[in-house]
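Asks: Got chain A sorted already, so can you dock chain B onto it with the hints?
Protein chains: 2
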Amino acid sequence: MSGAQVGLAEALEITSTPDGWQTRVPEGYDVFGIPHGGFLAALGAQAVLHGSGAPDIFSITIHYLKKGAVGPILWSTSEVGGSRRFTSVRAEGRQGDRVVLAVNALVGDRSSITGPTWTATSPWEPSEARLSPVAGTPEANVPGPAIGERLGVRIDEATLGFVKGEQGSEARMRATVEVDAPNQLTALIACDITPPAVWNALGLSGWVPTVELTAHVRGRPAPGPLGIDVVTRNVAEGFLEEDAEVRDVEGRLIVQSRQLARYSEGPFREREPLQST
Amino acid sequence: MSGAQVGLAEALEITSTPDGWQTRVPEGYDVFGIPHGGFLAALGAQAVLHGSGAPDIFSITIHYLKKGAVGPILWSTSEVGGSRRFTSVRAEGRQGDRVVLAVNALVGDRSSITGPTWTATSPWEPSEARLSPVAGTPEANVPGPAIGERLGVRIDEATLGFVKGEQGSEARMRATVEVDAPNQLTALIACDITPPAVWNALGLSGWVPTVELTAHVRGRPAPGPLGIDVVTRNVAEGFLEEDAEVRDVEGRLIVQSRQLARYSEGPFREREPLQST
Chain A
1 MSGAQVGLAE ALEITSTPDG WQTRVPEGYD VFGIPHGGFL AALGAQAVLH
51 GSGAPDIFSI TIHYLKKGAV GPILWSTSEV GGSRRFTSVR AEGRQGDRVV
101 LAVNALVGDR SSITGPTWTA TSPWEPSEAR LSPVAGTPEA NVPGPAIGER
151 LGVRIDEATL GFVKGEQGSE ARMRATVEVD APNQLTALIA CDITPPAVWN
201 ALGLSGWVPT VELTAHVRGR PAPGPLGIDV VTRNVAEGFL EEDAEVRDVE
251 GRLIVQSRQL ARYSEGPFRE REPLQST
Chain B
1 MSGAQVGLAE ALEITSTPDG WQTRVPEGYD VFGIPHGGFL AALGAQAVLH
51 GSGAPDIFSI TIHYLKKGAV GPILWSTSEV GGSRRFTSVR AEGRQGDRVV
101 LAVNALVGDR SSITGPTWTA TSPWEPSEAR LSPVAGTPEA NVPGPAIGER
151 LGVRIDEATL GFVKGEQGSE ARMRATVEVD APNQLTALIA CDITPPAVWN
201 ALGLSGWVPT VELTAHVRGR PAPGPLGIDV VTRNVAEGFL EEDAEVRDVE
251 GRLIVQSRQL ARYSEGPFRE REPLQST
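Residue numbers (the numbering used here), protein chains in the order written: chain A, 1 to 277; chain B, 1 to 277.
In isolation and in its complexed conformation, chain A is listed as follows (with noise of 0.2 Å):
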């Protein structure tokens, strides 16, 4: 396994070209040969944002059409419509003649945006777990991706029995992710950063892979680590949701996410991607 070469800023680099905006997915910022979905979302988020001239993103909405590579991604943005404070955009991201991604957004300015905060949470205190980097835990049979290394994510090991092959706990994984001055984009990436929840409540039973993903950014983080609190509540019909939050150093809310996933029983098999590597 490769670690992530080019650094996270520069990995988040967009550029105009005279066919679109153009983003790039290094090497290093894949999961076992497939662009990180986490990452996808950020790199769309910089199109939607770029495309608008937008400085935030509250909603935005990924849908996962063909597995990528890494390599350049084309986008073409447009205007769909809004009102005051909202613009919605969407954004095409297409890998040679495939659009791999379709990305819709509203987006505007929060800086005139407030409102009082009330939480039925109790937010996860990542001072008192044991955090473990995945690679790093002697069990783990499942190397974590380079992407992992470089955003420098901790799982709590009290989530991370399904890499010693555990099962029948809670589907939720708690991490931290460390990076110099966490962003909306940071945040993007963040809310899929761990492996699927649903692995420490079924075991380790297959590719989840990513069909949609919805993220509301709540707020703009302060500088410090993020806390990610992911849970799977509802396995059902060939598919699983996956929820998480965000939360930056002072507790605030950034990113709140939802995905929906493929979910079907059965161990590796050649063809899924993890088992690739």
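Quick caveat, the hints were computed from the structure, so don't treat them as lab data.
No more than 25 Å apart at the CA atoms, straight line, and that leaves these computed lysine to any residue pairs for SDA-like:
{"hint": "1", "chain 1": "B", "residue 1": "K66", "chain 2": "A", "residue 2": "S52"}
{"hint": "2", "chain 1": "A", "residue 1": "K66", "chain 2": "B", "residue 2": "S78"}
{"hint": "3", "chain 1": "B", "residue 1": "K67", "chain 2": "B", "residue 2": "F32"}
{"hint": "4", "chain 1": "A", "residue 1": "K66", "chain 2": "B", "residue 2": "S52"}
{"hint": "5", "chain 1": "A", "residue 1": "K66", "chain 2": "B", "residue 2": "V80"}
{"hint": "6", "chain 1": "A", "residue 1": "K66", "chain 2": "B", "residue 2": "D56"}
{"hint": "7", "chain 1": "A", "residue 1": "K67", "chain 2": "A", "residue 2": "T15"}
{"hint": "8", "chain 1": "B", "residue 1": "K66", "chain 2": "A", "residue 2": "D109"}
{"hint": "9", "chain 1": "A", "residue 1": "K66", "chain 2": "B", "residue 2": "P55"}
{"hint": "10", "chain 1": "A", "residue 1": "K67", "chain 2": "A", "residue 2": "P209"}
{"hint": "11", "chain 1": "B", "residue 1": "K66", "chain 2": "A", "residue 2": "G81"}
{"hint": "12", "chain 1": "A", "residue 1": "K66", "chain 2": "B", "residue 2": "E79"}
{"hint": "13", "chain 1": "B", "residue 1": "K67", "chain 2": "B", "residue 2": "E27"}
{"hint": "14", "chain 1": "B", "residue 1": "K67", "chain 2": "B", "residue 2": "W207"}
{"hint": "15", "chain 1": "A", "residue 1": "K67", "chain 2": "B", "residue 2": "G81"}
{"hint": "16", "chain 1": "B", "residue 1": "K66", "chain 2": "A", "residue 2": "I113"}
{"hint": "17", "chain 1": "B", "residue 1": "K66", "chain 2": "B", "residue 2": "G28"}
{"hint": "18", "chain 1": "B", "residue 1": "K164", "chain 2": "B", "residue 2": "R262"}
{"hint": "19", "chain 1": "A", "residue 1": "K164", "chain 2": "A", "residue 2": "W124"}
{"hint": "20", "chain 1": "A", "residue 1": "K66", "chain 2": "A", "residue 2": "I14"}
Replies: For chain B alone, kept in the frame of chain A given last:
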């Protein structure tokens, strides 16, 4: 308040015109003058299903861009891309020259997709609750919208504290809807049919306009009433999320939705739609 004169099946009808697909928001499918958000989601679902010819929605995202009105909506639809199982379809809903809705969905055929069932939640059991139409609650000073009558909405009285001026409870609302033959469109309406759950926690303190709603359709409902469980966990920086689960009479998850809504403190103001009735 006028009742919904047009039946639900008729209200959901869609017709092909030279300019695109056309639906209609009839009188009585509004909430105090504004077309009902869940009903608009169902109309958007009709547009993407008819535009693509697919039988099933897997995921649908609606951006509520401008306040709509009772009357026709003209839809332009197009396919963005897809894979073997999933097609990404977009639809823009116009009233006059205004784009009021941007819809993006993953559609396909779920009949060949299967998988195991596992859940971490205890579905709400309507038979153990005292159910009441909002409008029929003696203490209620907020009349229920006509669409609630049309769908036979009955709300768990344990989650109706806000109509008595109470607050400080869980931001939760539970209800049932009775329709002759529930389907994915009915279930999409149902996921947004209750008053805002946040009112039970923070009081009847404002209009809570939906900005974006994403719903995952997880199955085809069995005949019988639908049960709805709605919760808000985070109010922050001018927004809240509202999560809904819609289950069929067998307890199967049919729709799981999350919406992003604006939320600001303070009593109703003159300009708020709820005040204008």
